[in-house]
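So the sequences go chain by chain: A and B. Okay, so the first sequence: first residue is 1 according to our numbering, each after it adds one. Okay, so the second sequence: first residue is 290 according to our numbering, each after it adds one.
Hint data in this document are derived by calculation from the structure and do not stem from the laboratory. A couple of the hints might just be wrong.
What the hints assert, rightly or not - Only part of the chain A face toward chain B is listed, based on derived beta-carbon distances under 7 Å:
#1 L28
#2 T149
#3 T180
#4 G231
Claimed, not checked - Covered stretches of chain A (chain B as the covering partner; in silico rule of three or more C-beta atoms under 8 Å from a C-beta of chain B):
#5 138 to 146
#6 253 to 261
Every residue gets a Cβ at the ideal spot worked out from N, C-alpha and C, and that includes glycine.
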Amino acid sequence: MTDRALVVVRAGALTTVQDRGRPGHAHLGVPRSGALDGPTAALVNRLVGNPPEAAVLETTVNGCAVRPRSAVTVAVGGAPCPVSVDGRPVAWGAPVRVSAGALLDVGAVASGVRGYVAVSGGIAVEPVLGSRSTDLLSGLGPAPLADGTVLPLGTPADVHARVDVAPQPAPPAELVLRVTPGPRDDWFTPEALRTFTSRTYRVSSASNRIGLRTEGPALDRAVPGELPSEGMVLGAVQVPPDGRPVVFLADHPTTGGYPVIAVVHPHDLPATAQAAPGTPLRFINKRHH
Amino acid sequence: MRALPVGDSALLVEVSSGHEAQALHADLLRRRAEGLLTVREIVPAARTVLLDGLDDPARLASELTASEVPPAPPRARDAIEIPVRYDGPDLAEVAAHWGVPEQEAARIHADAEFTVAFCGFAPGFGYLTGLPRRYNVPRRATPRTAVPAGSVALAGPYTGVYPRSSPGGWQLIGRTDAVLWDHARVPAALLSPGTRVRFVPVDGS
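Chain B with its partners taken away, still in its complex shape (with noise of 0.2 Å):
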């Protein structure tokens, strides 16, 4: 594990994973609730998580490179499930690119459990992993200018699902009716950090 400071008043910790990076997010969300930690944003990303906001980041710097990243914490919350139809219009390629009929990429996709990693791009998208790596695929060669709303999209290790219509350089592989942000709703975002999401196939159109 790595600090490194960022400014005067925050820190990137680095790790060597995605994996540890979900568990070390855990532990300092534990640590703040717990009244351990005072920080004004804690933001997960791929290998690192920010911590925005402290007092006093060189103590805390010093306080996790003496530590080992925490173990991943237990599983508790039930995950959600996110309709969709697998009829995305990458869904052939991504298809092909695993060797596998549609049905069966969908049926694959379907089948994971996935973690929400982190967000980012827009409020509300989430960064999923899950599917075994031998799955990644790349962004397409040339993005997209308006992706749909509701768009389910793979890019490399990650799912995501479109919060509204945006450009977007993802394969998309299907469509849900979730709202994924609705500012007006407590809480406005249905995925966050941490989140275990379900893809549940529903009949096509």
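Same shape as in the complex, but just chain A (with noise of 0.2 Å):
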């Protein structure tokens, strides 16, 4: 009997289990959750031959390093980042053969701040409402890695991966994120709309897979008070009393009470995962475009 898994060597400073997450329960007041940049997730699935709804873990910043207990193929994708086995360099963003109790090192990004590293068969924790994300608000689907932590290992399908490298887009230099404005933007003076539209925010150091926080203008209200708790979408720009917007990543709050302003495109999404502290952003108005 083979023994699939992989034994986690070094977690890194966080290192969680994604897949699509588990959307659909919002009304229990369950996050989607979800790998942040979902079509890397997909990519080094598919390099590896996975499915792409397979589980893959996500890093933050510094990688982390595992031992599979039996052969199997691996491929880290997202920040670009040294790659090694047992000492010895291997590729990033391609396929990599490691095996039995070799050890796999992820390295510390270059640029970017999320890698994700995809194994043949896939993370195969016990899902949690149909998914196995790590969902950091909530606290559903596994703890964040920890160094010790071993992680069952799924069955490889039958299949080879078509492809051998793939592209993949480099961490943004600067953040673009184009905005569908509401449904409070009439909670905001016409001052704030434009600048929310026309100036440059920094991505903060207090970003997280719950929101991504700026620092930049405040942002004034034309109503003050407080709103009523209303339902939030995956990109919803919440407004919160200091007036820095804040773009609502995969574990988000499912209702939320400080007023949306706009709403970011769904195919932005992804580059907000590798926007490093500091990162200049700016949001453009969708309907001028």
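Work from the hints to combine the two standalone chains into their complex.
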């Protein structure tokens, strides 16, 4: 019997298991969760012959190191970083064979923030509501990796990957997010609406999987007071009392009481996974482009 | 009824009261069950229902804004009973706010029939309405860093039960052993929007 599992040797700053998340349960207060950069998670899965929904590892800034108990194929994508097997450099963004007991080290990122590590067979922790994703807001799904964690692996598909290498977008030097105004743009002054789509913000170091926080000009409200709690979507740009917009990412709360000035186009969200603190950020009005 | 676009594939439907939001939510669920509506999420809240994952939100928006808020559905399901020991650390404060003795505050709460207006904050956390408006209470000035799981709590017009230990600013009036959330159970959530609830007093330990 083969022992299909990964032993975590170095968990890294924050490494979680992610798949496509658990949409469809927001009415119970369950965030959708899932990989912040879904296209990259699907791509590294494809490189190792997994279906796109297989669970991968999402690393943060300084990678991780794991030791498979049986031979596996892995692929590392997302933020560019050095990758090694037993100390020997191997390819990033391409399938790599790792023999049983060898040490796969995913190094610190050269740029960007999050790495995606696919392993043939996929990470096979027990699903919760149909997903293996770690949700850092609600605590659903497996805990973030710790040194010594053992992660079960699934059975690899009996197909070979059709791609050897695949182009991946470089981490953005400037993040440009197209937005559709509303639903609560009328809660802000006309000046705030102009500021929002004309000035440059910077990505705040307080950003996480729940939200991309920003530093920059505060947005003034035209309507004071509290908004009764209402449902929130992925990509909603919520403006808390400090006036700095927050873009809701995968682990966002399902309801919220601060007004949403606009919603980011879904195609622009994966890039937020790689926006390091300090990255310039502009919101542009989709209706004007 | 107002339908506000939320990005390219969602609508936030706004009505004028919590009751209307509950009625609209029930009607949208019925339409989805009958195959008349294709949508990924239907998320009721205080005065709104969010529809996320729509193919043609503009069409649904014009359809909804041209129609009246549907009448409240008949109450078909039996109420879920949640046993409560009314011995919470804020019971005295809530009773004082209501101008009644503690025992009477517990009785008032246990006599009301509640409905889960919506969920949020944490998986399985319901915002329950049912107390008359005169019993609204403010949140605590300073939230607690850890509210124990099973705490029965009040804030504004709502009653809630903490599914797990978490920070919280609600007024704690009691505890229950009921399991509000168990992801291995089907359904995982004891309470979902529209569920009717009664709190049944049990003797404290």
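Tested hints:
Because the closest C-beta pair between L28 of chain A and chain B is about 5 Å apart, less than 7 Å, the hint holds. Because the smallest distance between the Cβ of T149 of chain A and any Cβ of chain B comes to about 20 Å, over 7 Å, the interface hint for this residue is violated. The criterion of a C-beta within 7 Å of any C-beta in chain B is met by T180 of chain A, whose closest approach is roughly 5 Å, and the hint holds. Among the interface hints, the one on G231 of chain A holds; its C-beta lies about 3 Å from the nearest C-beta in chain B, closer than the 7 Å criterion.
Here the stretch 138 to 146 of chain A counts 3 residues with a CB under 8 Å from a CB of chain B, which clears the bar of 3, and the coverage holds. Here's how the stretch 253 to 261 of chain A fares: 4 of its residues keep a CB closer than 8 Å to some CB of chain B, so the rule of at least three is met and the hint holds.
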